[in-house]
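The listed protein sequences derive, respectively, from chains A and B. Residue numbering for the first sequence follows our numbering, starting at 15 and increasing by one per position. Residue numbering for the second sequence follows our numbering, starting at 15 and increasing by one per position.
To be clear, the hints were calculated from the coordinates, so they are not data collected in a lab. Some hints could be false.
No copy labels: a pair is met if it fits in one copy or bridges any two.
Claimed, not checked - With a cut-off of at most 27 Å between alpha-carbon atoms, the simulated DSS-like pairs for lysine-lysine come out as follows:
1) K282 to K343
2) K191 to K258
3) K93 to K203
4) K265 to K290
5) K93 to K209
6) K343 to K49
7) K265 to K251
8) K203 to K282
9) K265 to K282
10) K258 to K203
11) K330 to K95
12) K96 to K275
13) K108 to K95
14) K191 to K93
Everything numeric in this text was worked out from a predicted model, so none of it was measured.
Listed here are the chains, written in short residue letters.
2 protein chains.
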Amino acid sequence: MANVIVAVDAMGGDHGPQTVVSGAVDALEDNAIDKIILVGREGDIRQVLGALNYDENRVEVVHAQEVIGMEEIPTTALKTKKDSSIVVGLNLVKSGHAAAFVSAGSTGAVLAGGTTIVGRIKGIARPALGVVFPSTRGYTFLVDAGANVDAKPEYLLQFAQMGACYMEAVMGIETPKVGLINVGAEREKGNALTKEAYGLLAASDLNFTGNVEGREIPLGAVDVAVCDAFVGNIILKYSEGFAKGIMSMLKEELMSSGISKLGALLSKGAYGRLRKRFDYTEVGGAPFVGLNGLVVKAHGSSNAVAIKNAVKQCSKFIKADVVGKIREKISHEGVEENGI
Amino acid sequence: MANVIVAVDAMGGDHGPQTVVSGAVDALEDNAIDKIILVGREGDIRQVLGALNYDENRVEVVHAQEVIGMEEIPTTALKTKKDSSIVVGLNLVKSGHAAAFVSAGSTGAVLAGGTTIVGRIKGIARPALGVVFPSTRGYTFLVDAGANVDAKPEYLLQFAQMGACYMEAVMGIETPKVGLINVGAEREKGNALTKEAYGLLAASDLNFTGNVEGREIPLGAVDVAVCDAFVGNIILKYSEGFAKGIMSMLKEELMSSGISKLGALLSKGAYGRLRKRFDYTEVGGAPFVGLNGLVVKAHGSSNAVAIKNAVKQCSKFIKADVVGKIREKISHEGVEENGI
Numbered sequence: 015m016a017n018v019i020v021a022v023d024a025m026g027g028d029h030g031p032q033t034v035v036s037g038a039v040d041a042l043e044d045n046a047i048d049k050i051i052l053v054g055r056e057g058d059i060r061q062v063l064g065a066l067n068y069d070e071n072r073v074e075v076v077h078a079q080e081v082i083g084m085e086e087i088p089t090t091a092l093k094t095k096k097d098s099s100i101v102v103g104l105n106l107v108k109s110g111h112a113a114a115f116v117s118a119g120s121t122g123a124v125l126a127g128g129t130t131i132v133g134r135i136k137g138i139a140r141p142a143l144g145v146v147f148p149s150t151r152g153y154t155f156l157v158d159a160g161a162n163v164d165a166k167p168e169y170l171l172q173f174a175q176m177g178a179c180y181m182e183a184v185m186g187i188e189t190p191k192v193g194l195i196n197v198g199a200e201r202e203k204g205n206a207l208t209k210e211a212y213g214l215l216a217a218s219d220l221n222f223t224g225n226v227e228g229r230e231i232p233l234g235a236v237d238v239a240v241c242d243a244f245v246g247n248i249i250l251k252y253s254e255g256f257a258k259g260i261m262s263m264l265k266e267e268l269m270s271s272g273i274s275k276l277g278a279l280l281s282k283g284a285y286g287r288l289r290k291r292f293d294y295t296e297v298g299g300a301p302f303v304g305l306n307g308l309v310v311k312a313h314g315s316s317n318a319v320a321i322k323n324a325v326k327q328c329s330k331f332i333k334a335d336v337v338g339k340i341r342e343k344i345s346h347e348g349v350e351e352n353g354i
Numbered sequence: 015m016a017n018v019i020v021a022v023d024a025m026g027g028d029h030g031p032q033t034v035v036s037g038a039v040d041a042l043e044d045n046a047i048d049k050i051i052l053v054g055r056e057g058d059i060r061q062v063l064g065a066l067n068y069d070e071n072r073v074e075v076v077h078a079q080e081v082i083g084m085e086e087i088p089t090t091a092l093k094t095k096k097d098s099s100i101v102v103g104l105n106l107v108k109s110g111h112a113a114a115f116v117s118a119g120s121t122g123a124v125l126a127g128g129t130t131i132v133g134r135i136k137g138i139a140r141p142a143l144g145v146v147f148p149s150t151r152g153y154t155f156l157v158d159a160g161a162n163v164d165a166k167p168e169y170l171l172q173f174a175q176m177g178a179c180y181m182e183a184v185m186g187i188e189t190p191k192v193g194l195i196n197v198g199a200e201r202e203k204g205n206a207l208t209k210e211a212y213g214l215l216a217a218s219d220l221n222f223t224g225n226v227e228g229r230e231i232p233l234g235a236v237d238v239a240v241c242d243a244f245v246g247n248i249i250l251k252y253s254e255g256f257a258k259g260i261m262s263m264l265k266e267e268l269m270s271s272g273i274s275k276l277g278a279l280l281s282k283g284a285y286g287r288l289r290k291r292f293d294y295t296e297v298g299g300a301p302f303v304g305l306n307g308l309v310v311k312a313h314g315s316s317n318a319v320a321i322k323n324a325v326k327q328c329s330k331f332i333k334a335d336v337v338g339k340i341r342e343k344i345s346h347e348g349v350e351e352n353g354i
């Protein structure tokens, strides 16, 4: 097996190189990752590295002078900033110098750049962002969580196929249950998109269990939940807000009397564990599936632990050869590049 | 002021006439409602009434032999079951015998029947289901939460206008803040629908505060949150499932050690209060706005308290003359029936 080398966007994220570089170096801890390539302003990166203990043979720095800001228009920025950490990092995957690229920077630039630089797997109409989502029963792969806000039924079928490959190869789930996110359980329910997608999913060789309503998603009804990125983004961000809201309301209620305050103190450990189950930093980043290589988007507000987990998670993805499995799946389906 | 008379679908909901009839009778408790008309199989209704104490002058029974089941195709059922509780109840609103109709029965039949029997306000392209949604700061009117899964930008503008009328008239909020549910805060973000709707909302005289991302909704960022019914339904049901999931995870964690178990016992009151803040039975039903009369959809699993609150809530809506205010607003806007 070749070395597992992961390139990391040292300039991405809300907290800057300090957080990203230390998180990335921590990802080397148990040898699942052989080497990291830190991409960005060399001076900034070396400054952070100077204060860390690490094996110099396992950390490389590739200089990139420019940074694509969160507020820039992705397509324009990708064209004008050829020497940005995102463009340089994606090119390392394209050239085969790295097996994966992890960035907590501009989602739009990572997605657009992933498609144009790393390129789509032949037969894939649209790559999609997948998020491994905690549920009461384990994890659900929510796809598309960010790339295609206007989707076609054929895209949803491919999202489902890629999601199933991921859950099988990375999470070890045999014949994962696939559900179509919809407004009702019955086949005839839905909007124009889901009504047509239902037929495609039902006719596929996937373990399609039908529509999955909003209330079933957090309860872990399916292993792969398929939707367009508009719906996926709303679900993802809504969960963040809802968890925050419910925890702040709980705190308010607990603090409103002396006796509940005491109870809360005794139950502190349980709250901590609950928070951890909902913590995106535990899961790491979101893989952008459908590309000829692994590109992982980490949350913009990632701390060092989240970066570490996003980098480490790449090892499973690479070793399970998810890209190869998606390629095989799609070519078996006989979908032609121009077919969709 | 004329008497406030509310017709209630005695046959609707998962728990049958027993629950609905007793909840409806309880709604007479403080005279906000002058009279209720129970619609459905007279024998069943009289049997429940026989065991209750109530003022006979304030309870009328209107017999309807048929029941539209939850699994029936709404348009077909409305045509073939003219003597169903839903059709008879909606006709009571149309004829002016009742100012409102409340049903916990088939959502599809109530919505389709509301539009065809009670009829749209002139100028309203599509009536929409609005849900008063608890947030950390108070309440948000989520619209459309169930009627139009495929919407046009013009519909979203009208949903916003109707939602603002509701929050102003019923909840007493001056110039309510209106937000467009979207995948990013910036104007250029979104799918084809929201990109176009943004322009219409920005050009309107509403207090439009721009896009509202998923994470801001539960935190009460706006008074009126606008979306198509696909997104609205997912948000609504997802919240139900998420709240259930988070409470069951919390319970699991609290029960996992003796000390947190003791803490949980002491904090019991706080958990009860939290659950109450998320309890849909406290808010009552969802008004179907845009009709020439008030039609309220109660949750299928409503208990007697939820039915009571849904019936009582009608009084505010009727006294505030929300129908008249929407009519006035839409005619001021100069939208013609055939304009959309």
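Outcome of the hint check:
In the homo-oligomer, the alpha carbons of K282 and K343 never lie at most 27 Å apart, since the shortest distance is 47 Å inside one protomer and 52 Å across protomers. In this assembly of identical chains, the alpha carbons of K191 and K258 lie at most 27 Å apart only when taken from different copies (22 Å versus 29 Å within one copy). Only between protomers do K93 and K203 lie at most 27 Å apart by alpha-carbon distance; the minimum there is 20 Å, versus 43 Å within a single protomer. In this assembly of identical chains, K265 and K290 lie within 27 Å of each other by CA distance both inside one copy and across copies; the values are 16 Å within and 15 Å between.
For the identical chains of this complex, K93 and K209 are inter-copy neighbours only, at 24 Å across copies versus 38 Å inside a copy, given an alpha-carbon limit of 27 Å. For the identical chains of this complex, K343 and K49 are neighbours neither inside a copy (30 Å) nor across copies (64 Å), given an alpha-carbon limit of 27 Å. When the C-alpha separation of K265 and K251 is checked against a cutoff of 27 Å, the pair qualifies both within a copy, at 21 Å, and between copies, at 24 Å. In this assembly of identical chains, K203 and K282 lie within 27 Å of each other by CA distance neither inside one copy nor across copies; the values are 44 Å within and 40 Å between.
Proximity of K265 to K282 under the C-alpha cut-off of 27 Å is found in both arrangements, the shortest distances being 11 Å within a copy and 13 Å between copies. In this assembly of identical chains, K258 and K203 lie within 27 Å of each other by CA distance solely across copies; the values are 24 Å between and 32 Å within a copy. Proximity of K330 to K95 under the C-alpha cut-off of 27 Å is found in neither arrangement, the shortest distances being 31 Å within a copy and 58 Å between copies. In this assembly of identical chains, K96 and K275 lie within 27 Å of each other by CA distance neither inside one copy nor across copies; the values are 55 Å within and 57 Å between.
Taking the shortest Cα distances, K108 and K95 sit within 27 Å of each other inside one copy (17 Å), while across copies they are farther apart (64 Å). Within a single copy, K191 and K93 get their C-alpha atoms no closer than 40 Å, and across copies no closer than 38 Å, so neither meets the 27 Å cut-off.
Consistency note: the structure conflicts with the earlier hints numbered 1, 6, 8, 11, 12, 14.
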